Amino acid sequence: MLTAVKNQIRVCSLSVKYNIMREMVNKVTFLTNVGFMALNNATFLVQWMILLRLRGDVGGYAMREIMLLWGLMAASYGLSHILFARAFSLSELIIKGKLDAYLVQPKNVLVSVLTSSTDVSAIGDFLYGTVLVCACKPGMGGFFLFLLFVVTGAVIFTAFAVLMGSLSFWFVRMDMLQNQIVMGIVSFGTYPDGIFKGVSRFLLYFIIPVGMAVWHPVHVIVGFDAGMLLTVLGYAALLAGISVTVFYRGLRRYASGNLMGARV
Amino acid sequence: MRKYAVIYSSVLMENLQYAANVALGFFGYFVFIFIFIKLWGYMYRTPGELIAGYTKEQMIWYVMMTEMLFFGSGAASVAGEVAGDIRGGNIVYLLNKPYHYTLYVLTKYTGEWSVRLPMYAALAVVIGVVMVGPLPRFPLAAVPAMALCVVLGLTINAVFKLCISLFSFWIEDTTPFQWLYNKLIVVLGILFPVEIFPQKLQPLLKMTPIYTVCYGPAKLIVDFSPEKCVEILAAQGVYLAVGCGLMFLIYGKGVKKLYVNGG
Numbered sequence: 171m172l173t174a175v176k177n178q179i180r181v182c183s184l185s186v187k188y189n190i191m192r193e194m195v196n197k198v199t200f201l202t203n204v205g206f207m208a209l210n211n212a213t214f215l216v217q218w219m220i221l222l223r224l225r226g227d228v229g230g231y232a233m234r235e236i237m238l239l240w241g242l243m244a245a246s247y248g249l250s251h252i253l254f255a256r257a258f259s260l261s262e263l264i265i266k267g268k269l270d271a272y273l274v275q276p277k278n279v280l281v282s283v284l285t286s287s288t289d290v291s292a293i294g295d296f297l298y299g300t301v302l303v304c305a306c307k308p309g310m311g312g313f314f315l316f317l318l319f320v321v322t323g324a325v326i327f328t329a330f331a332v333l334m335g336s337l338s339f340w341f342v343r344m345d346m347l348q349n350q351i352v353m354g355i356v357s358f359g360t361y362p363d364g365i366f367k368g369v370s371r372f373l374l375y376f377i378i379p380v381g382m383a384v385w386h387p388v389h390v391i392v393g394f395d396a397g398m399l400l401t402v403l404g405y406a407a408l409l410a411g412i413s414v415t416v417f418y419r420g421l422r423r424y425a426s427g428n429l430m431g432a433r434v
Numbered sequence: 014m015r016k017y018a019v020i021y022s023s024v025l026m027e028n029l030q031y032a033a034n035v036a037l038g039f040f041g042y043f044v045f046i047f048i049f050i051k052l053w054g055y056m057y058r059t060p061g062e063l064i065a066g067y068t069k070e071q072m073i074w075y076v077m078m079t080e081m082l083f084f085g086s087g088a089a090s091v092a093g094e095v096a097g098d099i100r101g102g103n104i105v106y107l108l109n110k111p112y113h114y115t116l117y118v119l120t121k122y123t124g125e126w127s128v129r130l131p132m133y134a135a136l137a138v139v140i141g142v143v144m145v146g147p148l149p150r151f152p153l154a155a156v157p158a159m160a161l162c163v164v165l166g167l168t169i170n171a172v173f174k175l176c177i178s179l180f181s182f183w184i185e186d187t188t189p190f191q192w193l194y195n196k197l198i199v200v201l202g203i204l205f206p207v208e209i210f211p212q213k214l215q216p217l218l219k220m221t222p223i224y225t226v227c228y229g230p231a232k233l234i235v236d237f238s239p240e241k242c243v244e245i246l247a248a249q250g251v252y253l254a255v256g257c258g259l260m261f262l263i264y265g266k267g268v269k270k271l272y273v274n275g276g
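As you go down the protein sequences, you meet chains A and B in turn. Using this note's numbering, the first residue of the first sequence is number 171, and each one after it goes up by one. Using this note's numbering, the first residue of the second sequence is number 14, and each one after it goes up by one.
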């Protein structure tokens with residue numbers, strides 16, 4: 171069992187490594203993508219400078235909390251797109267019958283699918299997020315919490331994308347909807363939770379998992395709360411479990427597209 | 014001109030067939046508007062309060078209009094597709110046709126947004142009226158002037174995005190430059206009106222494409238005045254002329270560098 175897990179992890183690492191090496195063939199394009207993505211994210215600091223100039227805080231967040239929020243969001247989004255970029259286009263694979271190539275491989279199907287692609291610009295997101303959080307001087311403990319929450323955030327984003335993508339086994343046209351719902355998380359997750367009240371707040375914490383991916387983690391980094399930390403860890407594990415179950419349940423319904431293809 | 018009219022009508026007919034697909038994008042637009050309704054609801058603490066000369070309703074309508082332009086125009090034809098045509102060599106099949114490539118792309122793009130934009134405009138009006146309330150003192154008689162300003166704004170935006178894509182003649186991937194251009198438009202023009210920025214920055218912002226692409230059309234819809242309309246239309250005329258000049262120049266120089274492998 172342990173050897174099988176070790177082998178699977180080794181295959182995943184090699185898959186991601188070769189994805190990145192393939193993208194690095196053209197170094198100028200690679201560096202431009204990474205650098206400009208970081209710069210692209212940085213432009214949003216202007217938005218918050220303007221808003222915080224109007225009011226001292228927005229939804230209870232001052233500049234430091236905003237930077238933590240953006241840093242956590244960018245790094246989690248980045249990590250999920252570096253390691254598991256294919257989760258975000260899973261719908262397309264299912265609809266077009268492109269899963270065949272993964273089904274015949276001797277390793278875990280879902281893990282093989284998820285690690286088969288890397289979004290290079292996500293490296294820029296990850297670096298930007300990490301630098302931004304370091305600039306907030308969170309302390310040693312805060313930085314370790316940040317690293318932990320980057321992992322839980324990436325797990326939540328990926329699991330949610332897999333869950334939405336897997337619905338394509340049952341429904342058509344989920345590809346556009348998957349993309350929009352996942353991008354919706356990013357949009358909500360870059361604004362403070364204090365501006366949302368009532369039903370919308372409940373939905374954003376428990377149904378669309380923005381609260382568990384970024385808002386709770388920011389609260390824990392600012393003022394440690396073991397209960398919140400355990401809630402986030404539990405939620406990430408639960409969502410991952412549900413998404414894996416739904417994927418394999420849906421896979422039973424999968425019909426090949428008779429598409430000729432090979433993965434080298 | 015007739016050939017471009019034919020291209021326009023054929024693209025329009027094609028896009029009308031897939032109008033239902035446009036509706037699938039409404040979710041993303043709604044999310045943005047929902048966030049901004051909540052955000053400005055938090056920022057305005059007392060009824061009737063003014064921020065940078067805008068009431069809460071005007072501020073939300075401003076964002077709804079700029080986001081409508083952003084979502085409703087969808088710029089894939091002038092950004093990714095042009096870069097892909099040049100990088101992949103497909104441009105060879107388009108160069109020998111009896112039209113100018115850049116004008117062909119602009120016409121195709123106009124045909125695409127002619128279907129998308131009215132659908133997003135209808136959605137924006139419904140969301141605005143239901144969730145924010147109608148715009149006070151909206152001048153119906155000025156709608157043709159506003160529409161002209163919107164069309165010019167979209168065309169100027171397309172010309173500048175096309176200019177960036179044409180750099181694919183020299184560099185492999187222009188996508189990062191498109192990101193940066195988009196983000197500048199979003200942060201400095203879509204999210205806030207120019208008046209919200211510090212006084213010293215405002216003249217500078219009025220000299221950028223942002224003033225003609227998103228601020229101008231949205232400002233006229235939210236707070237119309239004949240003087241402002243003339244000023245914005247004049248600025249758009251200048252920008253369109255300069256943008257087109259730049260586009261033809263880059264294309265003329267770039268196409269000489271084109272090297273396509275057989276295949």
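Just so you know, the hints here were simulated from the structure itself, not pulled from any lab data. Keep in mind the model is a prediction, meaning the values are calculated, not measured. Virtual Cβ for every residue (Gly too), placed ideally from N, Cα, C. Mixed in with the good hints there might be a few duds.
Unchecked claim - In silico EDC-like cross-links for lysine to aspartate or glutamate, where the CA-CA straight-line distance does not exceed 16 Å:
id, chain 1, residue 1, chain 2, residue 2
1, A, 268, A, 345
2, A, 197, B, 185
3, A, 197, B, 186
4, B, 51, A, 345
To be verified - Under 8 Å between C-beta atoms, here's a sample of chain A residues computed to sit facing chain B:
id, residue
5, 194
6, 197
7, 199
8, 207
9, 210
10, 217
11, 224
12, 228
13, 232
14, 347
15, 365
Against the structure, the hints:
no.: 1; hint: A:268 with A:345; result: 14 Å, holds
no.: 2; hint: A:197 with B:185; result: 11 Å, holds
no.: 3; hint: A:197 with B:186; result: 12 Å, holds
no.: 4; hint: B:51 with A:345; result: 28 Å, violated
no.: 5; hint: 194; result: 13 Å, violated
no.: 6; hint: 197; result: 11 Å, violated
no.: 7; hint: 199; result: 5 Å, holds
no.: 8; hint: 207; result: 7 Å, holds
no.: 9; hint: 210; result: 5 Å, holds
no.: 10; hint: 217; result: 5 Å, holds
no.: 11; hint: 224; result: 6 Å, holds
no.: 12; hint: 228; result: 7 Å, holds
no.: 13; hint: 232; result: 14 Å, violated
no.: 14; hint: 347; result: 7 Å, holds
no.: 15; hint: 365; result: 4 Å, holds
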